[in-house]
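Dock chain to chain to rebuild the complex, using the hints, since each chain is given by itself in its own frame.
So the protein lines, in turn, are chains A and B.
Start counting the first sequence at 1; every next residue gets the next number (UniProt numbering).
Start counting the second sequence at 1; every next residue gets the next number (UniProt numbering).
What the hints contain is simulated information worked out from the structure, not anything from laboratory work.
Every residue, glycine too, gets a C-beta built ideally from N, C-alpha and C.
You can take every hint at face value.
Coverage of chain A stretches by chain B, computed from C-beta distances (three or more under 8 Å per stretch; other residues unrestricted):
{"#": "1", "stretch": "21-31"}
{"#": "2", "stretch": "56-65"}
Each pair of labels, with its calculated beta carbon distance range:
{"#": "3", "chain 1": "B", "residue 1": "244", "chain 2": "A", "residue 2": "19", "range": "20 to 30 Å"}
{"#": "4", "chain 1": "A", "residue 1": "139", "chain 2": "B", "residue 2": "330", "range": "42 to 52 Å"}
{"#": "5", "chain 1": "A", "residue 1": "35", "chain 2": "B", "residue 2": "80", "range": "35 to 45 Å"}
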Amino acid sequence: MNPDQDPRHDEDRPSGAAGCPVCLAPVLDGDTYCEACGHALGSPVCTSCGAAAVDAEGYCERCGLRQPTGRDHAETVLDGGAAAVTDRGLRRSRNEDAMALLAAGDTIVTVVCDGVGSSPRADEASAAAVEAAGAALARGLPHREAFGLAGRAVSKLATSVDDAPACTYVAAVAEPGRVRLAWAGDTRAYWLPRPRPGEKAQGVLLTEDDAVETGEITAWLGADAEDVEPHVRTLAPEEPGTLLVCSDGLWRYLDGYAFPGTGTPLELARELLRQALHSGGQDNVTIVVIPLGDSHE
Amino acid sequence: MSDQPTFTLTIDQNKYLPTDGREVHAILSIGSTGGAVTTQSVAAEAAEVIIIDTSGSMSGSKIREARQAAATAVQTLRDGVHFAVIAGTEKAVMVYPSGRTQLVRADPGTRKEAERAIGRLLAHGGTAMGEWLKLAGNLLTAHPSAIRHALLMTDGQNNERAEVFGSVLSAWSGTFVCDCLGVGDDWVPAELRRVAEAMLGTFDFVRNQGDLPEFFRRLTQTSMSKTVAELSLRVWVPQTATLKFVKQVSPTLLDLTGKRTDVNPLTGDYPTGSWGAEEREYHLCVEVPPGHVGQEIRAGWVKLVRPDTQEVVASGNVLAQWTDDLAQSTHINRKVAHYTGQAELHELIQDGLSARAMGDVDTATARLAKARELATESGREDTARLLERVVEVDPATGTARLRRNVDKADEIELDTGSVRTSRLRKE
Numbered sequence: 001m002n003p004d005q006d007p008r009h010d011e012d013r014p015s016g017a018a019g020c021p022v023c024l025a026p027v028l029d030g031d032t033y034c035e036a037c038g039h040a041l042g043s044p045v046c047t048s049c050g051a052a053a054v055d056a057e058g059y060c061e062r063c064g065l066r067q068p069t070g071r072d073h074a075e076t077v078l079d080g081g082a083a084a085v086t087d088r089g090l091r092r093s094r095n096e097d098a099m100a101l102l103a104a105g106d107t108i109v110t111v112v113c114d115g116v117g118s119s120p121r122a123d124e125a126s127a128a129a130v131e132a133a134g135a136a137l138a139r140g141l142p143h144r145e146a147f148g149l150a151g152r153a154v155s156k157l158a159t160s161v162d163d164a165p166a167c168t169y170v171a172a173v174a175e176p177g178r179v180r181l182a183w184a185g186d187t188r189a190y191w192l193p194r195p196r197p198g199e200k201a202q203g204v205l206l207t208e209d210d211a212v213e214t215g216e217i218t219a220w221l222g223a224d225a226e227d228v229e230p231h232v233r234t235l236a237p238e239e240p241g242t243l244l245v246c247s248d249g250l251w252r253y254l255d256g257y258a259f260p261g262t263g264t265p266l267e268l269a270r271e272l273l274r275q276a277l278h279s280g281g282q283d284n285v286t287i288v289v290i291p292l293g294d295s296h297e
Numbered sequence: 001m002s003d004q005p006t007f008t009l010t011i012d013q014n015k016y017l018p019t020d021g022r023e024v025h026a027i028l029s030i031g032s033t034g035g036a037v038t039t040q041s042v043a044a045e046a047a048e049v050i051i052i053d054t055s056g057s058m059s060g061s062k063i064r065e066a067r068q069a070a071a072t073a074v075q076t077l078r079d080g081v082h083f084a085v086i087a088g089t090e091k092a093v094m095v096y097p098s099g100r101t102q103l104v105r106a107d108p109g110t111r112k113e114a115e116r117a118i119g120r121l122l123a124h125g126g127t128a129m130g131e132w133l134k135l136a137g138n139l140l141t142a143h144p145s146a147i148r149h150a151l152l153m154t155d156g157q158n159n160e161r162a163e164v165f166g167s168v169l170s171a172w173s174g175t176f177v178c179d180c181l182g183v184g185d186d187w188v189p190a191e192l193r194r195v196a197e198a199m200l201g202t203f204d205f206v207r208n209q210g211d212l213p214e215f216f217r218r219l220t221q222t223s224m225s226k227t228v229a230e231l232s233l234r235v236w237v238p239q240t241a242t243l244k245f246v247k248q249v250s251p252t253l254l255d256l257t258g259k260r261t262d263v264n265p266l267t268g269d270y271p272t273g274s275w276g277a278e279e280r281e282y283h284l285c286v287e288v289p290p291g292h293v294g295q296e297i298r299a300g301w302v303k304l305v306r307p308d309t310q311e312v313v314a315s316g317n318v319l320a321q322w323t324d325d326l327a328q329s330t331h332i333n334r335k336v337a338h339y340t341g342q343a344e345l346h347e348l349i350q351d352g353l354s355a356r357a358m359g360d361v362d363t364a365t366a367r368l369a370k371a372r373e374l375a376t377e378s379g380r381e382d383t384a385r386l387l388e389r390v391v392e393v394d395p396a397t398g399t400a401r402l403r404r405n406v407d408k409a410d411e412i413e414l415d416t417g418s419v420r421t422s423r424l425r426k427e
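With the rest of the complex left out, here is chain B (with noise of 0.2 Å):
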């Protein structure tokens, strides 16, 4: 089919290491085509599942808006999509299709009656985020050769036992591609990343609850301009070396370190999620064995793989070579100097909340007023925005000092927001 997506995968690095250099450091850039979405014809099968908090604590007008916000997300569903809408609270509940445990095929029909559905919506009971990732993965299973993707939208924080919910992302990570949304000031950012992470997916902070719809409507779009279920990393390295880490860096920071699956002992996958029409950027670190100035290898070899075929549709090499020449092994690739900045930013950001979380004045401070730093110097204004209403710096004396009076919902979009990267400027 000549609308397949097609690939590309672009390296940088500085190879040169001097002559005790042991780590090597590449960015991986991946470019997608998407493939054409235009027609019902040929677009990729796809399974939705819409997940609704409605605790105790959703009453009001924002269970109203989490309606309409879920309605909106049924509205987007093209026709042939799979779908279902859950509510959750200490347990999760099919709204639609009503006491049917599967997904429906989307047409101007079974639309209607969701929207009916979602309409009589009431907020009362707890929270179990496990209980309602459950249910999705039981769902989206069925239908192993969709896309298979969930939204979930929470406004409290999880009454379940950390290991509980740790154990259910853990059985589920891979199978279900699952978007967070975060609605007012007292759900936890933490807890919506870890679900993030594990489900390779995006969390978000809704901060004015009327764009709700608006955030809804845009990730379920994009849901459904995916045309690849999964890609896996695969990354050979050589037998006396270590590789230490692989991160997706851009458009997020996602660590991937901890996801690998043994291919054989040289060789791991690394699970990247579906793809859609699209650029991530990866970084990747390998420690090799000393060489000899002179003497290259191939440090790292990357190939771009469907698991479902084994089809290979992009590769390319990470190659480390020694000099005793300290112009070239000093000079540092700009894209990794860039990447290894924004995931120090992310650092320094958490590291300074949980700080001023715990009444660490003295660290919080010198870690926010860093990232402050970090943030206006790498192009993240609104970062540093955000770090300004957290963090003050007296402009002469350089002193730091933290704000008494921080809006919490300035809070959480800093906590929120600190795993976005910014691209790299061109020069």
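Just chain A, with the same shape it has in the complex (with noise of 0.2 Å):
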């Protein structure tokens, strides 16, 4: 995106003074369409060029530029102190990762998705996965039932199998002395038990990667897939410590990595963000840091 250019210019402008944003031809006040090239008037604007001509797409008409959408840097903070981070990262066009993180009573509801790559609209597919599962889950469904939730969710924004949206899964329900997981694909969950005094934090790895030895994930939610079942798991942490549920973004950086000891939830998952962007930010970042038992007061 070029800074030099205001990408707001020309919104509050009236119609009639402008001319069409793609062909220049002049168009006149309360016109849908240019009459010289057809283009939709009225069309969200180009965050680089500051032409009114993004298409349904999500390219600009005029500069051809794919728009970062609302995602690209989010945080999530609750009440109890647990906190979520997503960020495009620094080589991607734009974030592909969503999340959420609710609390429900006494429970925390956290659900992190991948968009695959290789599929088109992957941001729709992680956001409609998160969507569904999030909410699913907030009402108090099993893990698999909110899964399959998602995988529909998911499976309904293909127009075919050839143009099937994908994403991975992972998702947590932290209750009092309860953890339970349900994942498919390479999204993760670590454990972060409480450091001694001094010393820095170790994560354990919770899930197990849906993936080949060269990186390609074998289990997705999408209309491409075949009858996905989640992993799941309960644990039941004996002593205080903190939930780290992640996207590969982050991971991939986390080989030989020392977790901080102190610090908010917040602060741990930004500084988790500085650690994958320093590292490459090769893709898109998801971070959810929910603390357990009593190491968040």
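Structural data, given as structure tokens:
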């Protein structure tokens, strides 16, 4: 994106004074389409060139730029301290990860989905999955049902098996004394036990990737996925600690990483994002940090 | 109507550009089911003009084969096709229907009459292809809703001034499709290539006169199997980008870059001629402004449009995304690489043959030897065999040498065939 140009310079101008943003032919007040080129007037404004010319596929019809979605960087913090951060990273044109972090009574629900890069509209897939599963889990539905609803929501986005948006999935439901996990693909959950004073926390991997050695995933949500069942796991931590749920944009940079032993969940999430970005930020990054036990007062 | 042809458009490219990358290449593969042309009631309206060179050089056995070929073409016309036969000398003369400048509907009676008229053709006079095409154009454009096609056969060189011929071609370009055939070894491939390029047709060398009827039958049949008279490739590029070229690369090379008609400042239409059930491929190159790592743009938006109805029958995106990952940006798409090589082979042959004609032995040897290597590598065995007859390469030392006595027909065949391309072999 070009920071030199004000992306909003056209927004408040009366349309009668401006030309068509695509072909520059004069257009009249109240016209819905440009008479010269047929461009739909009143389209969203391009973040780079400023033309009101962003089409339904998300490309600017004047400069061609694929528009970043509103998910480039977002943070969520719950009253109890649990925090989530999602970020586009440094090498992708948009953020195709999606996350939900919700409180339902004394239960905390989180869902993280990573849009499969080789599928179309992967950002819509992850958003649909997170919305469906997050709401279902917050209503108290079991993991398998929430996963099934997310799967159907993603499948519905496909126009055919050759045009099937897809995403990975990990969900956690944290209740007092118990954490229930479900996942498919290569999004992960870790347990970070509270470190002894002066020590750094060590992460314990709780999930098992559905992926072959070269990294290609073998399970995902989407119309082109075979009947996928989630892995499920329940743990009852005896000591206080922190649950970390994340996409591969973070965990690919965790090899040999020592987690900081202090700070709030949001501080930890931001610190982990910095670790991912400083290590290259190759992919979208999503991090959810949920303190468990009494470690967060 | 359920038998309307359907079109598919697939795009092969590597969208990743290095940080300083500006050029985006893509191969568009367009396939058509052609629709059903099984019964006459659903067949598309067709108009066909058969042009026979009857200049003095055609006398003897050649005019006999030409009569036979024209008669075969007429027999191949299905009932209801509008047609005419023209004799070409220094002027163009209506052979059938005689004395009337219009097409007639084919039926058993008119076909018989046309055959009789063709049987009386005599060879005498000069060669003015521009005149022939003008008459064909006048006849065909009276049928604006038909699939308009001409078949031109010649054995000699055009006697018209180059600029006269050129102005006829540019005036009639795009109004009908013309396929050309050259017979014998006194015609000039470059002239028929100009006709084929202007009229979006093919041109071919009939090496053995006896094959002429078969060539006529095949071209007429192909023309009658067309179901869509005209399709345009409508290409949009960003305001700050430049569309460097649009070329048909399969089945033959045909540069469409100069045939653009502007739709709006960012969009242009490129004619592709008529379509039956077939597959063609196009190579598109866009120069884009510099971008930032991670940024993705639509570098080209391609639509296949019926110009009569403005209906979009297929569309696709050519993308560009900048990356600092060299493994991604240095990868060259196999199809792009293949057709880049086929275009290079064509240029090497053309450059080599014209250098040879001008006596520049060094350039001719270098180009033709390199062409031979490329032809062998890319599975063009026929072309490699023809090149072998023009240039010899010592297998031990690799030293190349032009052969002294080259059959004129081999040279013409090499020249004519260089626009054909091989398909990419499946891995």
